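Engineer: When you get a sec, could you build the whole thing from the sequences and use the hints?
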Amino acid sequence: MNSYLLKRIMVLVPVLIGMTMIVFSIIHAIPGDPAETILGQKATEQSKQALREQLGLDKPWLQQYFNYMGDLLQGDLGTSIRTKTPIAKEIMPYLAATLELTAAAMLFAAFVGVNAGILSAWRQNSWFDYTAMIIALVGVSMPIFWLGLMEQLLFALKLHWLPSIGRMDQRNPVESITNLYVIDTIIAGQWGQLWTVIKHLILPSIALGTIPMAIIARMTRSSMLEVMNSDYIRTAKAKGMPQFLVVYKHALKNALIPVLTVVGLQTGALLGGAVLTETIFAWPGVGRYIYEAISSRDYPVIQTGILVIAFIFVVINLLVDLLYAAIDPRINYK
Amino acid sequence: MKKWSSLALAVTLGAVLTLSGCGGDNNNNAGTEATGSNAAATAAPESSPEAAAQQDTLILGRGGDSASLDPAIVTDGESLKIGHQVFDSLLEYKPGTSEVQASLADSWEVSADGLTYTFKLHPGVKFHDGTDFNAEAVVFNFTRWSDPASEFKFEGDSFDYYDSMFGPEGSRVIKEVKAVDATTVQFTLNQPQAPFLQNIAMTSFGIASPAAIKEKKENFKNEPVGTGPYVFKEWKRNDSITLDRNPNYWKEGLPKLNKIIVRSIPDNSARFNALQNGEIDLMEDLSPDDLSTLEGNTGLQKIERPPFNVSYLGFNFKQKPFDNVKVRQALNYAVNKQAIIDAFFSGQATAAVNPMPPSLWGYNDAVKDYEYDLDKAKALLAEAGYPEGLPDPVTLYAMPVSRPYMPDGKKVAEAIQADWEKIGVKTVIESPEWATYLDDTKAGEKDDIYMLGWTGDNGDPDNFLYTLLDKDAIPGNNRSFYVNEELHTLLINAQKETDQAKRSGLYKQAQEIIKADAPWIPLVHTTPLLAAKANLKGYVPGPTGTEYYSEIYFEQ
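First to last, the sequence lines map onto chains A and B. Position 202 (the first sequence) corresponds to 202 in UniProt numbering; numbering is contiguous. Position 100 (the second sequence) corresponds to 100 in UniProt numbering; numbering is contiguous.
A portion of the hints provided could be inaccurate.
Result set (SDA-like, lysine to any residue): computed pairs, CA atoms no more than 25 Å apart in a straight line [what the hints assert, rightly or not]: (1) B:LYS236 / A:ILE186; (2) A:LYS84 / B:ALA149; (3) A:LYS48 / B:SER150; (4) B:LYS410 / A:LEU149; (5) B:LYS94 / B:PHE196; (6) B:LYS236 / A:TYR232.
Just so you know, the hints here were simulated from the structure itself, not pulled from any lab data. Computed from a predicted model, the values in this text were never measured in an experiment.
Structural biologist: Encoded structure:
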């Protein structure tokens, strides 16, 4: 197990180096003068030239790449061109915001998805099964943009149940310690604030989590159906075991492996795909951070941002692989 | 496994229960949240009167975040908006206009030759850090902006507005800034500059605390210190900026609110939703499409910013046949501006005749527009040698982004395409991504006609006519590559002339020349829309897009 872990971590290195090369070349292939974009239409030619020199944009790109990698290895993630602040310092609050949103969305997607999948399989061809699968089908094809605006319209504007934007009530702000507000409010013991923070999380995490929820539901259902037809389940049923236990204890354990893969992949996809949700709900996350960097040609931020997401994605995949072994002892890594 | 699934069920159940519990919770909510000192009107826009009475916090929603909080190093409007609250300049614009009036300088004298400006400063003003504002502080700031070797010009900074308003290094307008005594500061110029006072009043030339710059160094752009009505408190990037009331503000009785929170909410519809839900009090850039919803809501009000912009189609003189004035005039005759305004601006725009807005002094009312007349257009094309219309399709660059002067460039381009089709001009619309768009139009190799616009910076016609259409602006903002020596002489003379009546005459002449040469098709001057809670008072929208929040208050 430990040597497997080590091997897996070693594999990460070329993957990440490959990522840097791909991201770097794509970004530099985008047309447009970063100096003009950064300084705006109203800047003078002189200051644009000075900026190019200062950023090293006048150097050949291979040299730029090696400079970048050299800095990266020393732990320097670069400095944002637009805000002139070190990215390592700047990215943390964004990352925390995205992690909080992604976690909430995944929690929603996994709980609702897995349970809907199980119930559909358990009551195959029932009205519940049909309804759930139709909802799942609609959920997969629902544009996040539209869903988000509709949620705001219904739950915020019409019903006044939930806030429509942001992470907290600005009139009564939360002191940030970790920037994960759910945790911050718990640490501070501010339960009223915690409830406000959770209310702010509900709409965006449903918008973000709907697609993975639908995918997970369908995956769980088919995986469960397969397991439910196997011999050991028939045996369990024949022993007169209560059906609830058969489903939730015996069947679920084996059906969960492929579901776990999907959950892992979807979490990674959520990290990258949060841009739209973050825009609609004014959520100051890493998706918007990168999006704004792209529109202002902030090369270092785009590079580092994508790299950080790729890194988290790879780590999640690693965790999923390790979880397989924990759930199913038959899986081992010799 | 059993534990896991029962936990899952418990949490799911819990979530369902709390969600369904939300509905009945509405009144409770308002009760508990109102315990915060200024938590009025969180739950619903129709807040109770006593809640509204205590509201002393303004939450403003806007489309983007600031790039930096030091107004001297930025050129983007979002950054300047905040700078405007934290800093005061020597002079300021009268709210809602582009006329200058006293601010940190109580009075000023100009020498007869227009080369010396002596400002008398307001005594007893303090920066937010408690240090004194005085003539030395003014000298410090101007030296910081003009001296390329200044130790307070930090890595990556450039003082672009200083360079563009007072000339780049080597051709500075300001020769020297001198502290005569603690409250008198004297500017000596190398040459007269007519818009000098207009320029001095810009937010970019807000006076910063020298002590704070020395202490905070490059961090000053994240923690600004000025003399303005609001004190910077906190900046959560891409989320919100919090400003607190300056209790020692030197203008009596101001500011009226205790706190201002400026939130970035990029999506126009989401921002409007948040306003309707009472999460923000004031929003910028309302989509014209949402106007009818706004007008149907008695809890909200519409605020119109004075039109101080122009959007236009520019002809690229580098491409044939657009170097031919008859062709340009023909296409001018073939654009139905009123139809465009009705279809895409919900009436929130006026047809543009000249390259500058009618509210600006020096505007020439006598200039007649090329009215919509397809027969005249065809006749002119025939005179130019194209009786059957243009032989090749025209490449029309339409803006890929939304701007205050042009919310949807592509749709407008399509309407114009249909008009031109009628006189035998085929159009191919291209909308590359924004940075490429600006590069391409600046190089002038790919586009035949391009769409663009401008919002005035400082209330001087020079900032429209010279900046956009003079030969000095090539390469740069003159993306038409339009050169007219007569116009150039006029504009340069107008810069040197200090008598405003004479300058006005020169600019009127300039507009006639431009109309006859038709380097552009001026399209519209838009009225940008804002929306606010009905009880918000004292907000005077400024034409240049920056305004003082110090007079805003909430009525009972």
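Engineer: With reference to the structure, classify each hint as holding or not holding.
Structural biologist: A quick look at each hint next to the structure:
At roughly 21 Å between alpha-carbon atoms, LYS236 (chain B) and ILE186 (chain A) fall within 25 Å of each other, so this suggested pair holds. Of the pairs offered as hints, the one joining LYS84 (chain A) and ALA149 (chain B) holds, with about 19 Å between alpha carbons and a cut-off of 25 Å not exceeded. Straight-line distance between C-alpha atoms of LYS48 (chain A) and SER150 (chain B) comes to about 19 Å, which keeps the hinted pair within the 25 Å bound. Simply put, LYS410 (chain B) and LEU149 (chain A) have alpha-carbon atoms about 24 Å apart, close enough for the 25 Å limit, and the pair holds.
For a cut-off of 25 Å, the pair hint linking LYS94 (chain B) to PHE196 (chain B) stands: about 16 Å separates their Cα positions. As the CA atoms of LYS236 (chain B) and TYR232 (chain A) are separated by approximately 56 Å, the hinted pair breaks the 25 Å bound.
Violated hint for the displayed structure: number 6, the only one.
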